[in-house]
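Following the hints, complete the assembly by docking chain C onto the known chain W.
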Amino acid sequence: MKEAEKLLTINDLTVEFTSDREIIQAVNHVSLEIYKGETLGLVGETGAGKTTIAKSILRILPKPQGRTKSGSIIFDGADLLSISEHEMRKIRGNKISMIFQDPMSALNPVVSVGKQISEAIMLHQKLSKKETKELAIKMLEMVGIPGARYDEYPHQFSGGMKQRVIIAMALACRPELLLADEPTTALDVTIQAQVLEMMAKLKEELKTSMLLITHDLGIVAETCDKVAVIYAGEIIEYAGVEEIFDNPVHPYTLGLFGSLPSADGDKEKRLKPINGMMPNPARLPGGCKFAERCPHASEECRSNEIELADTGEGHLVRCMKCSLVKEAR
Amino acid sequence: MATILEVQNLKKYFSTPRGLLHAVDDVSFKMEAGTTLGVVGESGCGKSTLGRTILHLLDSTDGKIFFEGEDVTQVNRRKLRQLRKDMQIIFQDPFSSLNPRMSVSDTISEAFYINGEKNKDYIRSETRKLMDTVGLARIFEYSYPHELDGGRCQRIGIARALALNPKFIVCDEPVSALDVSIQAQILNLMSDLQKEKKLSYMFVTHDLSVVRYVSDEIIVMYLGQMVEKASSDELFKNPLHPYTKALLSAIPVPDVHHKKNRVLLQGEISSPINPAPGCRFAARCINATPECKKPQKLVEVSQGHFVSCSKVQEVK
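In order, the protein sequence lines correspond to chains W and C.
Residues in the first sequence are numbered consecutively from 40, following the working numbering.
Residues in the second sequence are numbered consecutively from 912, following the working numbering.
So that you can see chain C by itself, here it is in the shape it has in the complex:
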């Protein structure tokens, strides 16, 4: 399969009054077309920033992003607009990401107008087709977001992202604002669309059971750094980084007979502003030694399984 996205040493720093905030720090990965890459981590770990930097919604500080072989960080505005047709985003909050003064059909058809389509009949029929695709009944064509519930608003968000037949969609917590029964409807819809349109998803979420269900490969992030990357099955069967282990064991399992074997973490995430070199997880890690203060390297421990921990052999 072809590589659709390759990210090399991507960095995104924000300057704050107290220093540089390392939101994304030296992240590299490759992604195959037609697959789903899950990105997990806790709030503030840089997972949304990573998604937005890849789409060039935020300028990167350093590093390269190749989308179908083309470096997104170097293109001019006109070229970027063309690239954007292929790269779309679905946002977390279905209410605040929609314009409250635009009806459902206005919101979806705006994408066509922006890209220079002038034929109104064509736009109208395409908009209706998109509404059918995402399961929005025609009666909502002239409804406004406040008249619809969260699940339907999220369907508008998906329809809008699909309008220009993208190849790659960043899904930034698309179901975390929804109830479980609606969440399942949206996840099924997204998986059907992926099969039908051969989409590639980058699925950013903090919900680990969802990420396991949707992803082929998973990246675990901690304080801007990628600490582990593996296929979904491998990561859940054989997590190696101490943070991944703690994260996975913290999921409450909906099964009364499940035996808890929880790795409880002490303390909380430290500040991402001017972080010290070395492992950022060391302060909370049970295996940490002075050695961990040296910068860590991402090591491939087995086929496709990368870990950034100098103690990985011992932890094993």
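Isolated chain W, as found in the complex:
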């Protein structure tokens, strides 16, 4: 095993949103670690709390309704949740940057793409105007856009190219950690393949660590080193990527795999969807949050809070029926 350094540690993070009358528990006691040069995949369905975790790291939760209720996020020896806003600004977009899902709405339509990249550089680096522009052009070329298009506006680019502009912007300050929130979901498959290939190459060159949020298990298999599966704001399974794909344990993870049309195209095999729906995050049940949809659930699943337990070799699972599930598989 290589000795890797921890870059980011999230301990017991809990995030709540307050709406009219309800309190929505979006993230519940999430702990995770990202090592240098590693890609951690965050997998789960809409509303599971994936994006909220990424936004808490950058402290860009919508205010005043969203707040981190407890926990700590340690990055570079400092707790991001307790440092001043002034300190946070030095980190945001510089050491940690984020790629948003929708390339169409993440760019300013009335500023040229080159200027938008330059702006990010000027905020964090002391460079002359000329050097800034040179670096911005270099970034554009790195993501495969000719530097001559520096002065063009977002509407002159296609979806795939806009997403590359955003990646160029996110990488301009050579961040140590990149938070990628569904970076290719809005793109077509052939363009997605181009962007993923490029991100893998850039990651190799710049040694950036990445938190990749996605619901596409194919992308996870291709790009991640470790995977955390999120359900109703909790991590329910956490392991290395090969371990998760070869040996999934939690019934929800198994359900996700069963929902996918099989790769060999066997039409006789019926899909095995997960019955029912995710619980309302404003009224989470006690005990296992997945119990209502789980084929193995019993009374004790509903009555006890279940801990994330190690089933061997760092494969963490939040399920008290692990051995039973393994047999049934």
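Be aware that one or more of the hints could be misleading.
[Unchecked claim] Which chain C residues face chain W? A few, computed with CB under 10 Å, are given here:
id	residue
1	Leu1075
2	Ile1162
3	Pro1165
Simulated from the structure, these hints should not be mistaken for lab results.
Glycine included, every Cβ here is placed at the ideal spot set by N, Cα and C.
Here is chain C on its own, set in the frame of chain W:
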């Protein structure tokens, strides 16, 4: 089996300030009753336009569409209304395709009122039956779309399409807005309904693993043209057009031991406005030669496998 749909040289052009946009250009195919025809391609390739033109939601520019032997492009309005009972559509976005001010039962029963049914008791019982069929619990009868999640809204869309016992349904990306676990529920429902009611589906999607799972035959489109058509198994085992190859190899496979053998495409889709004659894929194709600038013909290379590429022998 009987042919339910035959499309001959169908064209749909839109006029834009910069010229004619060739959304669907010279597409021809036949479809058997009770089967599923998948239509795949990237955004802007004309797959949704093809579906809507077949239903006559859009007027075609040229070409013929035979539904059970009758040319849809030539019928008058009264006849069209009758045909519409047999041809329905399920839309992509389950939220925006429903009227936010109509409850679930209003939305589903509207189809009966429009077609002249007056017996309210009959309509109510049929609506409830449809809700049972698509797996919507009775408690949602008077709910509004904003109270329901995406999967349930899509079930309303399916119930509405089924109301008049159609024979043919265009499914325009019916599951792409849904999470995988819900997507599987809807796909299972659609396949059960097909078996039970002998439906024919035209399944328009960009999700290649879904299309492989549901389709008997698949059409691959690129910039308004059909570049390849084959049975689902044949297409995935033996893709011939360079674009199909690139498209299939671009799917991320949910298997850590899968060996990648990816054909990465350079560049992006060119503009569909006033396209030059010849192969539209040539600019991104690794095998392209000056020859490819001539118009391409769809050639049957083996039983039921059609390819539009003059280099197909060499590519093989």
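So, Leu1075/C near chain W? Judge it on the closest CB pair being under 10 Å.
28 Å, violated
How about Pro1165/C: closest beta carbon in chain W under 10 Å, or not?
4 Å, holds
Interface hint outcome for Ile1162/C [beta carbon to chain W under 10 Å]
Holds, about 6 Å.
Of the hints listed earlier, the one the structure fails to meet is number 1.
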